[in-house]
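2 protein chains.
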Amino acid sequence: MLARDLAQPFPVVRPDTNALAAARLLAEHRLPGLIVVDEADRPQTVLPGSQVLRFLLPAYVQRDPSLARAYDERTADRLGARLAEHTVRELLPRERATLPVVGGGATAVEVAAVMARLHSPVVAVLESDRLLGAITVSGLLTLLLPAA
Amino acid sequence: MLARDLAQPFPVVRPDTNALAAARLLAEHRLPGLIVVDEADRPQTVLPGSQVLRFLLPAYVQRDPSLARAYDERTADRLGARLAEHTVRELLPRERATLPVVGGGATAVEVAAVMARLHSPVVAVLESDRLLGAITVSGLLTLLLPAA
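Chains as they are written, first to last, in the working numbering: chain A, 31 to 178; chain B, 31 to 178.
I should point out that these hints are in silico values taken from the structure, not numbers from a laboratory. Quick caveat: nothing in here was measured; it's all calculated off a predicted structure. Glycine included, each C-beta is placed from N, C-alpha and C at the ideal position. It is possible that some hints are incorrect.
Stated by the list, open to error - Simulated restraints on C-beta separations:
id, chain 1, residue 1, chain 2, residue 2, range
1, B, N48, A, T105, 25 to 35 Å
2, A, G135, B, D159, 45 to 55 Å
3, A, H59, B, A70, 32 to 42 Å
4, A, H116, B, E125, 31 to 41 Å
5, B, E125, A, R44, 43 to 53 Å
6, A, A51, B, E125, 17 to 27 Å
7, A, H59, B, D159, 31 to 41 Å
8, B, E120, A, T105, 18 to 28 Å
9, B, S96, A, R160, 21 to 31 Å
10, B, D159, A, D46, 40 to 50 Å
11, A, P41, B, S96, 30 to 40 Å
12, A, R44, B, E115, 23 to 33 Å
13, B, R34, A, G135, 40 to 50 Å
14, A, G135, B, T128, 29 to 39 Å
Said to hold, decoys possible - Per the computed footprint, the stretches of chain B lying under chain A, defined by three or more beta-carbons under 8 Å from a beta-carbon of chain A, are:
id, segment
15, 74-84
16, 156-163
Next comes chain A alone, as it looks inside the complex (with noise of 0.2 Å):
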């Protein structure tokens, strides 16, 4: 099984996805990050769930987060809607983590290696430039164990 083989479908976003939108995607997919690709369909990074919520805390709770529990939980629901008026670009950290990519021919011991090495619970997979999909350590643990 080679990488190209071994690649899911991964969400993706834009750095000009609504921030709203790119939330959406994490919450019903239940994914932890996301993938961030440019027009050419080129992974540039990641977008952790943590950065989208840092985003919507209110400005005095992102400096003091002991002052979070002042906070009127009645309109924390509302938080959220903060993201309608944002992109993914505004997310990003500064410092923007790099996503691990390996090409469509990468074997299975290598995509683990890459994995290993990077502590990352996820690489992209490349084909040509472009993003054919991911592979997740819980996909590639699967192949890896044997049977039951």
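Given the coordinates of chain A, work out where chain B should sit on it, guided by the hints.
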């Protein structure tokens, strides 16, 4: 909504859990990692899936990942069998990851602040020092986003 209402069951292992059983939990539940608890159900750390992969790689690939390509793919599916003779304790990295925890009475905004600060996709929820469950970033976003 408080953390105790948001907490979902999350697969846990103990240091003496069989490593192959732990890897199967990761694969079956499609998780990036597992919570490791002690004999009193107190969370100790996280076992990342990437660490399980690291352990099942041949020693020479762990030392030099560029050698992964040379590994005979036909026997790759036997790598996982190695895990059966080991425990979770042996898989844990020397530098153990800190699992973010909140009390059952933490508000959704407090949980978001903890995830944002620690860049974590999951937090453990404790009640009387015992693990009640976990909250994922996607679960929390589902709560905080406006209805579509």
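Evaluation of the provided hints:
Between N48/B and T105/A the beta carbons are some 47 Å apart, a value that contradicts the proposed interval 25 to 35 Å. Between G135/A and D159/B the beta carbon distance is about 50 Å. The supplied range of 45 to 55 Å therefore holds. At about 35 Å, the CB distance of H59/A to A70/B agrees with the hint of 32 to 42 Å. For the pair H116/A and E125/B, the beta carbons lie near 36 Å from each other, so the given range of 31 to 41 Å is met.
Between E125/B and R44/A the Cβ separation comes to about 35 Å, which falls outside the hinted range of 43 to 53 Å. Hint check: A51/A to E125/B, Cβ distance near 37 Å, so the stated range 17 to 27 Å is violated. Evaluation of the 31 to 41 Å hint for H59/A and D159/B yields a pass: the beta carbon distance comes to about 33 Å. Distance hint for E120/B and T105/A: a CB-CB separation of about 48 Å, inconsistent with the stated range 18 to 28 Å.
For the hinted restraint 21 to 31 Å between S96/B and R160/A, the CB-CB distance of approximately 25 Å keeps it satisfied. Remark: the range hint 40 to 50 Å for D159/B to D46/A is upheld by a beta-carbon distance near 46 Å. Judged by the Cβ atoms, the range 30 to 40 Å given for P41/A and S96/B holds: they are separated by roughly 31 Å. Hint check: R44/A to E115/B, Cβ distance near 47 Å, so the stated range 23 to 33 Å is violated.
At about 49 Å, the CB distance of R34/B to G135/A agrees with the hint of 40 to 50 Å. Look at G135/A against T128/B: about 37 Å separates their beta carbons, and that is inside 29 to 39 Å. Remark: the segment 74-84 of chain B is confirmed as covered by chain A, as 7 of its residues place a Cβ nearer than 8 Å to a Cβ of that chain, reaching the required three. Counting residues of the segment 156-163 of chain B whose C-beta lies closer than 8 Å to any C-beta of chain A gives 0; at least three are required, and the coverage claim is violated.
Going through the hint list in order, the structure does not satisfy hints 1, 5, 6, 8, 12, 16.
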